[in-house]
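These protein sequences, in sequence, are chains A and B.
Its first residue numbered 318, the first sequence is counted upward by one per residue in the working numbering.
Its first residue numbered 56, the second sequence is counted upward by one per residue in the working numbering.
Don't read these hints as lab results, they were simulated from the structure.
Treat the hints loosely; a few may be bogus.
Below, a list of computed lysine to any residue pairs in the SDA-like style, where the Cα atoms sit at most 25 Å apart [stated by the list, open to error]: (1) A:Lys546 <-> B:Lys239; (2) A:Lys319 <-> B:Leu124; (3) A:Lys498 <-> B:Ser60; (4) A:Lys320 <-> B:Lys90; (5) B:Lys140 <-> A:Leu334; (6) A:Lys498 <-> B:Pro66; (7) A:Lys320 <-> B:Gly288; (8) A:Lys407 <-> A:Thr323; (9) B:Lys140 <-> A:Tyr326; (10) A:Lys319 <-> B:Val240; (11) B:Lys136 <-> A:Val322; (12) B:Lys90 <-> A:Pro492; (13) B:Lys235 <-> A:Tyr326; (14) B:Lys235 <-> A:Pro492; (15) A:Lys546 <-> B:Gly288; (16) A:Lys546 <-> A:Leu362; (17) B:Lys140 <-> A:Val509; (18) A:Lys367 <-> A:Leu334; (19) A:Lys319 <-> B:Pro220; (20) B:Lys217 <-> A:Thr323; (21) B:Lys235 <-> A:Val322; (22) B:Lys239 <-> A:Thr323; (23) B:Lys136 <-> A:Val391; (24) A:Lys320 <-> B:Ile174; (25) A:Lys546 <-> B:Ile174; (26) B:Lys239 <-> A:Val322; (27) B:Lys235 <-> B:Tyr128; (28) A:Lys367 <-> A:Val563; (29) A:Lys546 <-> B:Pro66; (30) A:Lys320 <-> B:Lys239; (31) A:Lys319 <-> B:Lys90; (32) B:Lys136 <-> B:Asn292; (33) B:Lys136 <-> B:Leu124; (34) A:Lys319 <-> B:Ser289; (35) A:Lys319 <-> B:Ala226; (36) A:Lys319 <-> B:Lys239; (37) B:Lys140 <-> A:Met414; (38) B:Lys217 <-> B:Ala192; (39) A:Lys320 <-> B:Pro66.
Keep in mind that this is a model prediction, so the values were computed, not measured.
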Amino acid sequence: MKKAVTRLYTFLIFLFLYAPILVLMVFSFNDTDTASRTVWNGFSLRWYQKLFEDRLILEALRNTLIIAVITAAVATVLGTVAAVGINSMKKLPRRIMMNITNFPMVNPEIVTGVSLMLLFVFAVGLFGGRSLGMASLIAAHITFCLPYVILSVLPKLRQMNPNLYEAAQDLGCPPVRAFFKVVLPEIAPGIVTGMIMAFTLSIDDFVISYFTSGTTQTLPIYIYSMTRKRVSPEINALSTMLFAVVMVLLIVVNTRQSKDKGAPAAQREESL
Amino acid sequence: MKSKSRLLSAPYTLWTVLFIVIPMLLVVWFAFTDKSGNFTLENILSVGQYSNVFLRSIWLGAVATAVSLLLGYPLAYIIAKMNGKRQGVMVMLVMLPMWMNFLLRTYAWMSLLEDNGLINALFVNLGLPRLHMINTAGAVVLGMVYNYIPYMILPLYSILTKIDPSVIEAAQDLGASDRKVFLKVIVPMSMPGVISGITMVFVPAVSTFIISKMLGGGANLLIGDLIDMQFLGSAYNPNLGSAISLVLMVIILICMGIMDQFDDGESTGGGVML
């Protein structure tokens, strides 16, 4: 009895979580002219075909990917270096740095977005130059991704035995080389986690991009403009494809992990 | 060596000053000046006109947070009691919807909740009357719960798995009933997870602006919509927008300060997990 209730409850919550997504996916195959979201007219792939002919969507996708790649690369390097620095700080400066690092994570996204918009508009007014666009988007994305990189690298640094690094130096290894040969391999899983997070957060971000993009389109911004008009099922096709890609990626990452490390609980938690 | 490696965070510090500290100072500056740049308290004072919007946002955010906690806790508990391998799969299933852009997820609810939507179609087929759901406060709460409930479940789950089973056994050995074990041992020990779950749902819920637009219609304006209107909308007035943002920030900081009082200090872990 108790088990049945548990099962039913779990089922209902997952129904709640997945029903809308399922509906979205099913209607991406709907064969209709009238952009109706709710009447089923038979199976077709027309919306997928249309999607690939939509120059605006493809351009938005390209922008999104460019931004995400640059953001992930810069945030990972800057964040990892910062984490090493923060880790070697004394208690008080370290606390201050951690509080500043946490700030963008607890601050409402909309306020971060608005504040960056003010900065970029202000900077354009001050120095001239082109208005908001790719550059401001990338700077904004790096800003909100940095904390996630730092917070996934720091625990790895703390877990590491500090004697290892000193031992390498005692054995005559120069500091920089000791870092690359000893420290980096130890904290690599944290760095990779941070990088993946930065990449996905950047792709997914809407709120901050919305305020810092000017007229540049990213995929979420384009989706937003589509949802405001009475939209075509192209958007359903697009979401279905994105969801499929993410699912494949997740499965690949997970199986790779369980192969590599036998997936102990701690490891799995980190990859979240 | 240590002093040298401390310098490594210098580029990050510079970045932080440029893109976090200065922008925040700009918000403060705009909030306390008028269009020509003179000091004024007018913006802050006129935020008072919107107190109904603030109250609505806080109220809907609080309801959404409470619903997420009530729905999420049992699920987190159920998952935490499963065996290791299934736990991993379930956690992944909880997270998977978050990987779909929240605009799309909210959009999906539009087609479900509409007057001619799928839920109503189902009702009609079952012989039930149609229900008006879209463009109500309830729809906004639903959208919030739907989008943010994973942020509740995950920290709860991670704290519940950390509870030492021998503590529970000890309580049972000492004669506590299942109910008592749950209320007196498990719930108190999971409080840090509850706290971080509440924070992680409440902050985005209270400051959202898309969900209300898409599911709430025009009648359920929230703080986020108000800010949006001042910066990118029809009511262009960044000074007032900054003042509203500032008040929103202060409200959230106060809420988090209150939450911190309930917390023994070890709660940030759940937040980092994401």
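Hint by hint, here is what the structure shows:
Taken as a hint, the lysine 546 (chain A) and lysine 239 (chain B) pair is broken in the structure, with Cα atoms around 52 Å apart against an allowance of 25 Å. Between the alpha carbons of lysine 319 (chain A) and leucine 124 (chain B) the distance comes to roughly 21 Å, so the proposed pair stays at or under 25 Å and holds. The hinted pair formed by lysine 498 (chain A) and serine 60 (chain B) meets the criterion: a straight-line CA distance of about 16 Å does not exceed 25 Å. Of the pairs offered as hints, the one joining lysine 320 (chain A) and lysine 90 (chain B) is violated, with about 64 Å between alpha carbons and a cut-off of 25 Å exceeded.
For a cut-off of 25 Å, the pair hint linking lysine 140 (chain B) to leucine 334 (chain A) stands: about 21 Å separates their Cα positions. Distance restraint check for lysine 498 (chain A) and proline 66 (chain B): the Cα-Cα separation of roughly 23 Å lies within the 25 Å cut-off, and the hinted pair is therefore satisfied. Of the supplied pair hints, the one linking lysine 320 (chain A) and glycine 288 (chain B) is violated, its CA atoms being roughly 52 Å apart against a limit of 25 Å. For the hint pairing lysine 407 (chain A) with threonine 323 (chain A), the CA-to-CA distance comes to about 49 Å; that exceeds 25 Å, so the pair is violated.
For the suggested pair lysine 140 (chain B) and tyrosine 326 (chain A), the alpha carbons sit about 20 Å apart, so the restraint of at most 25 Å is met. Taking the CA atoms of lysine 319 (chain A) and valine 240 (chain B), the gap is near 20 Å; set against the 25 Å cutoff, the hint holds. Distance restraint check for lysine 136 (chain B) and valine 322 (chain A): the Cα-Cα separation of roughly 14 Å lies within the 25 Å cut-off, and the hinted pair is therefore satisfied. As the CA atoms of lysine 90 (chain B) and proline 492 (chain A) are separated by approximately 54 Å, the hinted pair breaks the 25 Å bound.
For the proposed pair lysine 235 (chain B) and tyrosine 326 (chain A), the alpha carbon gap of about 22 Å is at most 25 Å, so the pair holds. In summary, the hint linking lysine 235 (chain B) to proline 492 (chain A) is not supported, as the alpha carbons are separated by about 57 Å, beyond the 25 Å threshold. Between lysine 546 (chain A) and glycine 288 (chain B) the alpha-carbon distance is near 16 Å, which keeps this suggested pair within the 25 Å criterion. Of the pairs offered as hints, the one joining lysine 546 (chain A) and leucine 362 (chain A) holds, with about 22 Å between alpha carbons and a cut-off of 25 Å not exceeded.
As the CA atoms of lysine 140 (chain B) and valine 509 (chain A) are separated by approximately 23 Å, the hinted pair is consistent with the 25 Å bound. With a C-alpha separation of about 28 Å, the suggested pairing of lysine 367 (chain A) with leucine 334 (chain A) is violated against the 25 Å cut-off. For a cut-off of 25 Å, the pair hint linking lysine 319 (chain A) to proline 220 (chain B) stands: about 20 Å separates their Cα positions. Note on lysine 217 (chain B) and threonine 323 (chain A): the hinted pairing holds, with a Cα-Cα distance of about 21 Å set against a maximum of 25 Å.
Under the criterion of a C-alpha separation no larger than 25 Å, the hint pairing lysine 235 (chain B) with valine 322 (chain A) is consistent with the structure, at around 20 Å. The straight-line distance between the Cα atoms of lysine 239 (chain B) and threonine 323 (chain A) is roughly 21 Å, inside the 25 Å bound, and the hint therefore holds. Between lysine 136 (chain B) and valine 391 (chain A), the direct Cα distance comes to roughly 40 Å. Violation of the 25 Å bound is thereby established for this hinted pair. In summary, the hint linking lysine 320 (chain A) to isoleucine 174 (chain B) is not supported, as the alpha carbons are separated by about 29 Å, beyond the 25 Å threshold.
Between lysine 546 (chain A) and isoleucine 174 (chain B) the CA atoms are separated by roughly 22 Å; this keeps the pair inside 25 Å, and the hint holds. Proposed proximity of lysine 239 (chain B) and valine 322 (chain A) is supported: the alpha carbons are some 23 Å apart, at most 25 Å. Our distance criterion of 25 Å between C-alpha atoms is met by lysine 235 (chain B) and tyrosine 128 (chain B), whose separation comes to about 17 Å. A C-alpha spacing of about 22 Å is found between lysine 367 (chain A) and valine 563 (chain A), which places the hinted pair at or below 25 Å, so the restraint holds.
With a C-alpha separation of about 43 Å, the suggested pairing of lysine 546 (chain A) with proline 66 (chain B) is violated against the 25 Å cut-off. Between lysine 320 (chain A) and lysine 239 (chain B) the CA atoms are separated by roughly 23 Å; this keeps the pair inside 25 Å, and the hint holds. Annotation: proposed proximity of lysine 319 (chain A) to lysine 90 (chain B) is violated, straight-line Cα distance about 64 Å (limit 25 Å). Pair hint lysine 136 (chain B) plus asparagine 292 (chain B) does not hold up; C-alpha atoms about 52 Å apart against a cutoff of 25 Å.
A threshold of 25 Å between alpha carbons decides the hint, and for lysine 136 (chain B) with leucine 124 (chain B) the separation of about 18 Å falls inside it, so the pair holds. A hinted pair counts as satisfied when its Cα atoms are at most 25 Å apart, and lysine 319 (chain A) with serine 289 (chain B) does not qualify at roughly 55 Å. A threshold of 25 Å between alpha carbons decides the hint, and for lysine 319 (chain A) with alanine 226 (chain B) the separation of about 21 Å falls inside it, so the pair holds. Taking the CA atoms of lysine 319 (chain A) and lysine 239 (chain B), the gap is near 21 Å; set against the 25 Å cutoff, the hint holds.
Distance restraint check for lysine 140 (chain B) and methionine 414 (chain A): the Cα-Cα separation of roughly 37 Å exceeds the 25 Å cut-off, and the hinted pair is therefore not satisfied. Among the hinted pairs, lysine 217 (chain B) with alanine 192 (chain B) is inconsistent with the structure: their alpha-carbon atoms are about 37 Å apart, more than 25 Å. This hinted pair does not check out: lysine 320 (chain A) and proline 66 (chain B) have alpha carbons roughly 55 Å apart, beyond 25 Å.
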